[in-house]
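Participant: Residues per chain, in single letters:
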Amino acid sequence: MSNSATREVARRVFAREFNDATYTFKESDDELAPRYALLPTGKRANRVFFVGTLTETEDVGQDSEYWQGRIVDPDGGTFFTYAGQYQPDAASMLRELEAPEYVAVVGKPRTFEADDGDVNVSVRPESITVVDESTRNYWVVETAEQTLERVEQFENGGEYAQLAREEYDLPVENYRRVAVEALESLDTEQAESTAP
Amino acid sequence: MTETDLHTEAVEIHDQFSDRLDVTVDEVSERLDTLVNEYKVPLSEARRSVTNTYLDEAGIDRDDVTGSDEHVSITDIDTPEQWVDVTAKVVELRNPDSDAIAQAGTLGDETGTIEFVSWSKSELPRVEEDAVYRLGNVVTDEYEGQFSVKLNSTTTIEQVDRELEVSNDDAEITGALVDIQSGSGLIKRCPEEDCTRVLQNGRCAEHGEGDGEFDLRIKGVIDDGTTVQDVIFDREMTESLTGISLEKAQEMAMDALDTSVVAEEMNERLLGQYYHVTGPNFNRYVLADEVTEPEQPDHEAMLIKARSI
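Protein sequence lines, in the order shown, are assigned to chains A and B. 1 is the number of the first residue of the first sequence in the numbering used here; add one for each residue after it. 197 is the number of the first residue of the second sequence in the numbering used here; add one for each residue after it.
Simulated from the structure, these hints should not be mistaken for lab results. These numbers come from a predicted model, not from an experiment. Think of the CB as a built atom: it goes at the ideal place given N, C-alpha and C, for glycine as much as any other residue. Hints should not be assumed to be uniformly reliable.
[To be verified] In silico SDA-like cross-links for lysine to any residue, where the CA-CA straight-line distance does not exceed 25 Å: (1) LYS346(B) to ILE297(B); (2) LYS26(A) to THR423(B); (3) LYS501(B) to GLY76(A).
[As the list claims (entries may be wrong)] One side only, chain A facing chain B, incomplete, derived with CB under 7 Å: (4) PHE80; (5) VAL119; (6) VAL131; (7) LEU186.
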C-alpha cells in the first residue's frame, strides 16, 4: 500500500507497554524532526491509535482549562491523555463526554519527568471520538496481533530492538502476556453476553 | 562487432518488416554492415537508422521506433515509448471519442490492466471483448503517470486460445480512519465546463473568482498500524458513510453561517472507525469505490497463537 510519504504511522500498543516507553529520541538534530517514543518491543512510535473505555475526565488546569482523560484498555492498563487550548477539539470532547464511554484516540506520545524522577508517558490527542464495542474489540485483536509480531521479531534484532535492549530492562515476554490477557478478556465478555 | 551480432540484428529487423516489405535478411545485414563497419556507427544507432529506413519505405509512421521488442507483463510497463509484446485479454471496449481511433479499451493479464488504443489509420483487425490476444509490437505511452499501449501498423494481432485470469489491480486496504484532512466536507467546485477544481476562498486557480457549485468529499487517511494510505471518498461515498446528504450539509452550513461545521460533524462520525476500502489508485490516493465494515478478526485464533509463542 503506497502512502503519503511523510505521515507517521499510528502504532497499535496496549497501555501497559505504552507507559513503559519512557525513552524518547529524534533521528536528527533538526528542531522540527519528529520525536519518537521507543517501544520496549523494539519499534519507534511517533503516533499511536487506541480504543478503550474512558473512565474519568478532569480539568487539571490551573490558569486555563487542561483536560485529563483516563482511558482503560481490557488488560487494565490506562492511557493518560491531556488536551488544552492547543488541542481544542480533543479538549472539548473531554469536557463534554460523560464516562464511561468507548473512545478512539489518535495522538502523539509525550513524556514528562515527575519530581520524584519517574518518567510518565501520556498522549497528546489529535482526535477523540466515540465508538462502539465492536470497534473496541477489533482494536484489541489488531493490537494483540501487532504486539505479538513485535515480540516475535524482537529476537531477530533490528536497530530499535537493539536500542530497547540498551535502554530498558523489560522482558518482552511481559507484553506477550498483556496480549494474552486482553484477548482472554474478550472471551469472558462474549461468554457473559451470550450467557442465558 | 562480430558477424553473428550483425546477423542476429538483421534477422530481428527483417522479421519486423517481412510481411510488409520485400526485403531479405542479407539486404538488411548489408545496410547494417555498411553503417557499423564502414562508418563506425554504434550498432544501436545503426539499428535505429536501418529500422527507420524500412519504416519509411513501408509508409509506417516513424514515431519513435527503437526496435527491441520483448514480451512483457502489463504490470512491468513503466516506461513510455517502449516497443513491447503483450498477451492480454480485452477486458473492456469503449466507444472511441474520435474518428482517428478505431478501437479503445482496457487490456488485462495476470498482473494488471492497462488502457489501449488502436488507430484507424493502422487498419488493424478488430479485437473482441473477452478474447485473449498476443499483441506484437505495441508502443507504451504515459500520461500523468498512467501508462497505456498504442497499437500501430506494425502491430501483430494473434488470437490465443487460452483462458487468462485478469488481475484486478484495485487497491484493497483495511484500517482505521485516523485523519480527515483540510479540503474535506462541504466544498465548492469551479463551475467552468471540464474544470472540477476546488475553489479556495471562492477562487479557482485556473478561472479566478466564481460562484462555484457545492459538492461533498472526504480526503482521509487510513492507517493499519504498519502503513498509511490517503483515500478520497467522493460525494456518493461521503453521503453514505456519514448519513449527511449534500442538501443536509448545505442546510447545516447555512444555519451555522460556516461550512466547516460539516467537516466537524464528519470527523465526529467517522474518525477512529475501521473501514475496508477498495478502489483504483490515483497518484498518491486510493479512490474509494466500495467501503465496508471489516469483518471482526478471529480473537480465539489469535489467543491460541499468543499462548503458543
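Participant: Take the hints in turn and mark each one as holding or not.
Facilitator: To see whether the hints hold, each was checked on the structure:
1. LYS346(B) to ILE297(B): Holds - the C-alpha atoms of ILE297(B) and LYS346(B) are around 10 Å apart, at most 25 Å.
2. LYS26(A) to THR423(B): Judged against 25 Å, a Cα distance of about 20 Å means the pair holds.
3. LYS501(B) to GLY76(A): With a Cα-Cα distance of about 21 Å, the restraint between LYS501(B) and GLY76(A) holds, given a limit of 25 Å.
4. PHE80: violated, 18 Å
5. VAL119: violated, 25 Å
6. VAL131: holds, 5 Å
7. LEU186: holds, 5 Å
Taken one by one, the earlier hints fail for this structure at numbers 4 and 5, listed in ascending order.
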